[in-house]
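**Student:** Spelled out, the chains give:
Number of protein chains: 4
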Amino acid sequence: MKQIRLYTLTLFQILICVLLTQISIQSSYAHENERLYQFPDIPGYKTLLCDFHMHTVFSDGDVWPTIRVHEALKEGLDAISITDHLEYQPHEKDIAHPDRNRSYQIALDAAQEHDLIIINGAEITRDMPPGHANAIFLKDANKLIKEDVFDVFREAKRQGAFIFWNHPHWIAHKPDGIAELMEMHHQLINDGLLDGIEIVNDVTYSNEAMQIALDQNLTIMGNSDIHGLVDWSYKLYKGGHRPLTLVFAEDKSEESIKEGLESGRTAVWFNESVIGKSEFLIPLIEHSLLVKRSYTMKSYTGESSVQAVEIENKSSTDYILENLSDFSLHSHADVFTIKTHGTETVGVMTLKKMPEFELCFKVLNAVVAPNTHPEINLKIHVNDD
Amino acid sequence: MKQIRLYTLTLFQILICVLLTQISIQSSYAHENERLYQFPDIPGYKTLLCDFHMHTVFSDGDVWPTIRVHEALKEGLDAISITDHLEYQPHEKDIAHPDRNRSYQIALDAAQEHDLIIINGAEITRDMPPGHANAIFLKDANKLIKEDVFDVFREAKRQGAFIFWNHPHWIAHKPDGIAELMEMHHQLINDGLLDGIEIVNDVTYSNEAMQIALDQNLTIMGNSDIHGLVDWSYKLYKGGHRPLTLVFAEDKSEESIKEGLESGRTAVWFNESVIGKSEFLIPLIEHSLLVKRSYTMKSYTGESSVQAVEIENKSSTDYILENLSDFSLHSHADVFTIKTHGTETVGVMTLKKMPEFELCFKVLNAVVAPNTHPEINLKIHVNDD
Amino acid sequence: MKQIRLYTLTLFQILICVLLTQISIQSSYAHENERLYQFPDIPGYKTLLCDFHMHTVFSDGDVWPTIRVHEALKEGLDAISITDHLEYQPHEKDIAHPDRNRSYQIALDAAQEHDLIIINGAEITRDMPPGHANAIFLKDANKLIKEDVFDVFREAKRQGAFIFWNHPHWIAHKPDGIAELMEMHHQLINDGLLDGIEIVNDVTYSNEAMQIALDQNLTIMGNSDIHGLVDWSYKLYKGGHRPLTLVFAEDKSEESIKEGLESGRTAVWFNESVIGKSEFLIPLIEHSLLVKRSYTMKSYTGESSVQAVEIENKSSTDYILENLSDFSLHSHADVFTIKTHGTETVGVMTLKKMPEFELCFKVLNAVVAPNTHPEINLKIHVNDD
Amino acid sequence: MKQIRLYTLTLFQILICVLLTQISIQSSYAHENERLYQFPDIPGYKTLLCDFHMHTVFSDGDVWPTIRVHEALKEGLDAISITDHLEYQPHEKDIAHPDRNRSYQIALDAAQEHDLIIINGAEITRDMPPGHANAIFLKDANKLIKEDVFDVFREAKRQGAFIFWNHPHWIAHKPDGIAELMEMHHQLINDGLLDGIEIVNDVTYSNEAMQIALDQNLTIMGNSDIHGLVDWSYKLYKGGHRPLTLVFAEDKSEESIKEGLESGRTAVWFNESVIGKSEFLIPLIEHSLLVKRSYTMKSYTGESSVQAVEIENKSSTDYILENLSDFSLHSHADVFTIKTHGTETVGVMTLKKMPEFELCFKVLNAVVAPNTHPEINLKIHVNDD
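Residue numbers (this note's numbering), protein chains in the order written: chain A, 1 to 385; chain B, 1 to 385; chain C, 1 to 385; chain D, 1 to 385.
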């Protein structure tokens, strides 16, 4: 009795994030026309929210591809790629010899009237080396079913694919969890057959994979690898989120995403961290933090030399800040968090009245290299009118 | 990288309903070991929460059967039946000639270590008449693929099935939405081939179907007919729920559920209503409402003759009560709601001190026949110690 | 160190009510510039939210008058009157011989820069008869300290006061809780010294007081009589509210409120009920319920004759509706609730296509006389474009 | 009509904190018998939650002392001291020549049947130097009304008081916000007349005051200095809290609190920070973090050498941890937060199987000296049964 669902045309309901000083309200499910997650664009680029690794019943996932589309729409993602395993088909008893482009096609149909980009992808599923890799922006995934793994990578490249190494730290392949380049990976990189690397997969992060990305100039990726339901795995209804690759793209199009990935313009949002190269993370964070108001504090005895600075976090991740400024704070210890969509009023003891000054923070939950955190600067203009 | 999910073994998280006077907190998702929905047992029977109508990718649903199992586990249901269409197979391009017992078998495997009963079922999918019908407790659904609809019903019965008419008010079959018995339905009933009728399907209810159930002594059924995700369709994270058939069974077993259905011992929980025969609804409601405390109200001038009665609603549905007692209330107008898991303190003006008295309410959101609401009685024992 | 509070200038924070189909989110605390509670204006009148009965440390309350002002501002009330007891001064050991206008003056100062009307009032505090009465719109409360109660009432009237009988059903004065006119009350009414009557006080309601109001043409009042904190007593943070007198006034001014009260244009919002004369309740409810959209339901077989009507409840109270229309519903039993700020999509079986029709409901939680509920009509214009 | 409140005897309602992996639910208001805030005891001492600085109508506060008691009860505090200004009496027009012990006595009465300790206190209110100071554990506050400030301090000491310097960084006294010892303070310290110092007052923190506390061996204090309502100022309904002085006391008694304060056994909970000497902070945090489970992670290829460690934060503050262990993490970057009442599962790459190992973290939101954070160690015992 499916048609009866006409009733409930308001299928995606309104959600409103209540922004409150020092308190973040964890909410759920955005309006269809509103992004659930908020990250600012950076100068020159749009910040697109992408997940390039997920499964459906066409390999070992639990859902029809339509569910992947609706999950992404509810979360307000910009692009997804369904990457069913080419060589691992545990449902083959029920779904025999499937066309390896089928999940892509079904998803594409489902997304037709929505502003969600569906990218044809597949997971090349081999033992280590090289382990698993995703090829995305494929033209025909079926042509990747070949014996020799180098042939597969080359066929993907022939189709113009962007290829990245999946979860190099996966304990099924590396029982110590340490991502490590083997001979074959070097060869793939040297042959131009490997463009990126997952430093985040599902609920895991790898410092070593991050170092490999930086050393080998591979694009930094972080994806969900979802098999079940995103809502359940990441508890969206409690404010959770799946890991995402943020692509800094010239515009919202498949071509621009590909160009962004090939140019290494990405960051990863994982849990309460953002991870990426400092050239992208620093503007991302600086544009996430809005100085809403700055004024000299007054008391009944008159004006002080303490400046109040209201800083709003307009992004969907908390930021943990360590004060590196010359000035001591009147309101916080040196380390404090500005929660997602929260505002902190920071008292700055400038010792004398200053119409302008700079605040400098190390952002402790932002990672630009293993155990390395970027510094940001906020320019403050005091307005006492 | 599915194994990494070992990490998050606490896959289903705790949920707690905060019970508050006059306020219900709509919550979400129960702990794996706790029922999300609460309805009391009634004298002689356990109250089992069942959904006997749902779909998977094996007909026109969007999920692998495992998801149906996990949905039911999260909600704490006692039994489900996956009832994929026998004759409507829109995914046949991908899932060719499927075994009609497959979704049952997959679900059965997934539920193996859980206390969830999986019942083999199928939807007999014909134009009107007779429209759609579910046969549950099947032994082999494949044997129901026959040309003649009476042969199908007879085969189901041969297997010991319980058969019910689905959504007789469906506008695709009855554009006026009025459930109505046709010649063929009378014949099926007379031949003992039709045992129940859905008065509730998804977000619809039919007064006329309810009347047919009462007139023909058919078992009253209400099911979700879910194709997508229960979480999304019924907004569980906002306190919503799918419609359920409550079966009053001797114990929690497949046999007892069958016996309960065959004996017509059911009620339907739909939205904020409970619908069923008064012999089951009245004890269900009376056991839902706990008189926690009753005492004579005092003021600074001494004792009054107003009795305070604290009534807690221990069930998952609100109850809208109309006061039919001889006594006027001191705290409420004649109609008021005791919200799910809420407590109302009702002031009763008994005019003189009474150690015992009865409160009588019509329960306006309980339906025992079209536009007819049951009356309940609560015995009050005043305790002023 | 009070001045430091300059920091937190955003003293009253934003609150947003999330409106969801069938689900009401109980929220808390409005933005300073936004009303926490929503009731529509009715034709010809603004609907003003007022509380005319409350206490401070200047009689037996627990707070300085400023708190009463800030409570009202947070809740977005239009007018309050602090009505400290004239004759009951339990804090006199600490606050000796207080000026009976003091709490008014302090509140007036505190409200100075806000759009909240402060009305000078006092509670005439006598044993029964006549019990307690509030005189509001006073010029000088001190002049009401007189021996003879009739002198007090006459002095109040001389000052132009509006006088109402407080909690006639109070068990300290009437142990049976039954509001009843005594000789002295008749006399006060006949002498034009009693204008209104509380049918609701704090958490109590009196059917008998309601009948007296109707019989004697007294203005219907409902107030909090708050002594402690409104937040705590009524659990605002859980979606609760204090009882309020809704005054239907020509504009938002002290004069118009007085004129509205004198003309008997009020209703009471108490718990989840609205109580008042049908001439005000019916337009209040009809303007609370917005028909957002109406369309003919379609199925895969084409158009049906079932009309879907989306009704949004734009007010802060739930409405419990009983269908009195000629049409049976396809979506609900005859009794259902449209929760505050929720939307219900009602399927109406009109049997044939109708471009226009009327829905008629009895509103079971609205009270126009003891145990009597008003009927409302909603005009439906079907739009299938 | 105050007595009618007998109705709502469940004046303080249940609140339940839902503890969820990685997500903290901000809740509100504990059951009367349950502490709203949770901090573990440390070896040898109970951890008592205290606020030693607050005001009522008896100086410049907005509430009767009873409200202070009920606030503390709702929050589950162990002890409070009302410290009305001795020399600043802005309500003297209404509350003339008040007994300086009155607010204490009223609060004591109100707390009579509760397990809340009320300590007699007063704020010595002078210009700088010495500024404001609180004397608590007074016997008769009236005797502190003296001209010479040293006489006042000496009288307080004669009564056995514990005296601390209030908000030395207050901009009304120090426009640059920098806490600084002046000659008179040195003298007071030398004369044994000053025992403690507020490093936190309301929404302010002072690094310099913290340094003074450490240098001069003054007891570290943090208090609310509340004038209005705690609920409003600290948004308890959104999960906020007032600053508190945690006293590590031998038992819950006035004497033990005094002994604990005199021995300098305190810490301050302020916003999302804990501040104090490392000898108390380290056990406090180590006992806040419960290692619930530790096991070797497995994949389909067998056992790995990655250890999963589930760490639950049983306290009411978040902890921001920086990994200082030799081991890299498989699940988190080096800095992450374990939210209040949340659990994080940390993957530790020990490289080989280890039945026991230690995790070492710097706790970035814990402060043991200006810009200095303590290190904690968690012993891990792997259990793979």
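Take these hints with a grain of salt, some might be off.
Copies of the same chain are indistinguishable here, so a pair counts whether it falls within one copy or spans any two.
[Said to hold, decoys possible] Only pairs whose alpha carbons sit at most 16 Å apart, straight line, appear in this in silico EDC-like list of lysine to aspartate or glutamate:
hint	residue 1	residue 2
1	K157	D60
2	K352	D176
3	K353	D176
4	K353	E262
5	K362	E322
6	K298	D176
7	K143	E180
8	K143	D384
9	K146	E87
10	K292	E262
Simulated from the structure, these hints should not be mistaken for lab results.
**Student:** Would you list, in rising numerical order, the hints stated earlier that this structure does not obey?
**Tutor:** 1, 4, 7, 8, 10
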